Amino acid sequence: MGAFLVRRLIWLPILLFFISLITFALGLYGPGDPVQVMMGLHANPETIERLRHEYGFDQPFYVQYLRYIGNALQGNFGYSLVKYRDQPVGKLIADALPATIQLNLLAIGLGVLIGVPLGLLAGLNRDSWLDLLVRAFVIAGISFPIIFLNPVLTFIFSRRHDLILPAANLAVSVGPILPMVQGRWEGLLSAKIILPALIESTGVIAIMTRQMRAGIIEVMNEDFIRTARAKGLRERLVIFRHALRNALIPIATILGLMLGGLVAGSFLVENWFGVPGVGALTFDALSSRDYYVVMAMVLLIAVAYVVSNLIVDLTYGYLDPRIRKQ
Amino acid sequence: MTQTRSPAGIDLPHRARSPQRRVVGRLLRNPPALIGLGVVAAMILCAIFAPQLAPYAYDAQDLSIARQAPSPAHWFGTDDLGRDMLSRIIWGARSAVFVIVMVMIVNLGLGVPLGAAAGYFGGWVETVVMRAADILFAFPGLLFVFFIAATIKPAILTWAREAGWRDLANSGYLDYAVVIIALGVIGWAGLARMVRAQVLAVKEREYVIGAQAIGVPTWKIIARHILPNALAPVIVALSMGLGDIALSEGYLSFLGIGLQPPAPSWGNILSDNAGRYWRMFPQMIWMVWIPGLILAAVVFAFNFLGDGLNEALNPELVD
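Chains as they are written, first to last, in numbering that gives the first Met the number 0: chain A, 0 to 325; chain B, 0 to 318.
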């Protein structure tokens, strides 16, 4: 265990180096000349030459890379070239992060609250109709494309529906049940967050349910469960005191890994619902070729992923003492 | 079951069914997997016979019939430019199948040899391959695909123009190349990890050691003896991953980085209909749910099929 962690710690800076190198190379060489992008095709060649020099784009690759990394380590990720011309990228992202983190926290919370009980029920009643239903639901959760869920759920939940039955002389109006974000973002405590959070949580629900179902099935076959039953414990106690705790360890691991994903906004959801988060920011930047913003986002998410992975590995031994002994 | 005769002319008892036939048999007795297989088969048929099946040309515009609801003349209605949606969706199957097959080839072509080499040789080969996979895994999945697609696209277009293939650069065919490269470059890492783990498990078996002892060349040991016995989980992961490829192509095209209209792709049909027009004409929800449900059905189908294959290939998992 100790040697493993040491190796992980040595590997970390190498990993970060490669991540930043790939990101920078793609961002710089992929899209062609950033100054051309900024000025358009019909700019004065002299202006372009001057700007290239000013921004340092005429320097050799490694000089530009080192400068970028040096600045990034001091929190300076360059400046927006297109939409928010000359605003620091770091500030743009810092301003957008709170909305994304709130939305993601709610989505993960919903995912756990719905997914864990569902998986538990399905696993304990294996091969019953309930199990089949839950498994179908899980596959549905990962199968419905977000670009489908966005408009369809918006249609169902945030519009007024008029049901008119002339035969029964009946006219009912229902909804809108959940308002759209359109306009002002009101944060975690507003009803407007529910629909985007629900859509983002479909994937989390599927993962949680699947893991919980598999976990509880595995744990229920363990020797200590048989022992617990043999000494006459009631089934409820067997499940909640002995089985559940062990089945929850992988859930905690997945949650730890998801914490790294908190800073990654879903651009499909955020863009559709008008959430002013990093997902929408990245979407704008990608479509307007504002590569400094995209590069910073890719870097940020990759670093968050690597760090959360490391934290999960470090805390694993505390959650499951069996691993410490190995 | 027919009786087989041995060369010596003795009647042998019923011949044991081959493992392949047992797998197929188990798969065919699994209703969800059968449904999945049916949907995938229908999609492939649509892709092959798109010109014969589609009632209209996928890019035939007629503004006088724009945005019509489904009717006998246009089963799935028409879009904002009066194009027949059914025809576009059938042709979209061709785009989807093409992208899926090509990405699968790239993924397999990189992932299987690299993973097998890492598992078999160990040492620095393993270190390089697995660390490269780690690096790819650290990148945020979909965002990285979009980033690659968005950055290599101008490079590929410039390169084609400079090589004198202006027509090709303007034709939209290079969009397919962009999508395939972006998805292919990412996808091999997971496969390589899986193949490596499998090879590690298989390579200590007696028949491999036996083959080594009688001097079978290394590549032959890997290709003939190790890979076929390490392939089951790869097949399962692949069939589940194909749905993701279809979905990613849809998302790329939805965002305008993938296939461009008028090239038909379920993603850009959805983005045309949902992104722009549906906000203006919200009562026309069928413009969204028809292409959306079809994309969902395909992802469903691959997941069902993967689940079914998993149970058919590993019966011991299911008690």
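Just so you know, these hints were derived from the structure itself, not from any lab. Fair warning: this is a prediction, and the values are worked out from it, not measured in the lab. Every residue gets a Cβ at the ideal spot worked out from N, C-alpha and C, and that includes glycine. Hints may be right or wrong, so weigh each one.
[As the list claims (entries may be wrong)] Label-pair ranges, simulated between beta-carbon atoms: (1) A:Thr46 with B:Ile43: 48 to 56 angstroms; (2) A:Thr226 with B:Leu292: 19 to 27 angstroms; (3) A:Lys230 with B:Ile43: 56 to 64 angstroms; (4) A:His52 with B:Ala176: 29 to 37 angstroms; (5) A:Ile193 with B:Ala154: 40 to 48 angstroms.
Hint-by-hint comparison with the structure:
1. A:Thr46 with B:Ile43: 48 to 56 angstroms: Holds, since threonine 46 of chain A and isoleucine 43 of chain B (Cβ atoms, about 54 angstroms apart) stay within the stated range.
2. A:Thr226 with B:Leu292: 19 to 27 angstroms: Hint violated: Cβ distance 50 angstroms, outside 19 to 27 angstroms.
3. A:Lys230 with B:Ile43: 56 to 64 angstroms: Since the Cβ atoms of lysine 230 of chain A and isoleucine 43 of chain B sit about 57 angstroms apart, the hinted range of 56 to 64 angstroms holds.
4. A:His52 with B:Ala176: 29 to 37 angstroms: holds (34 angstroms)
5. A:Ile193 with B:Ala154: 40 to 48 angstroms: Holds, at about 42 angstroms.
Hint compliance for this structure: hint 2 alone is broken.
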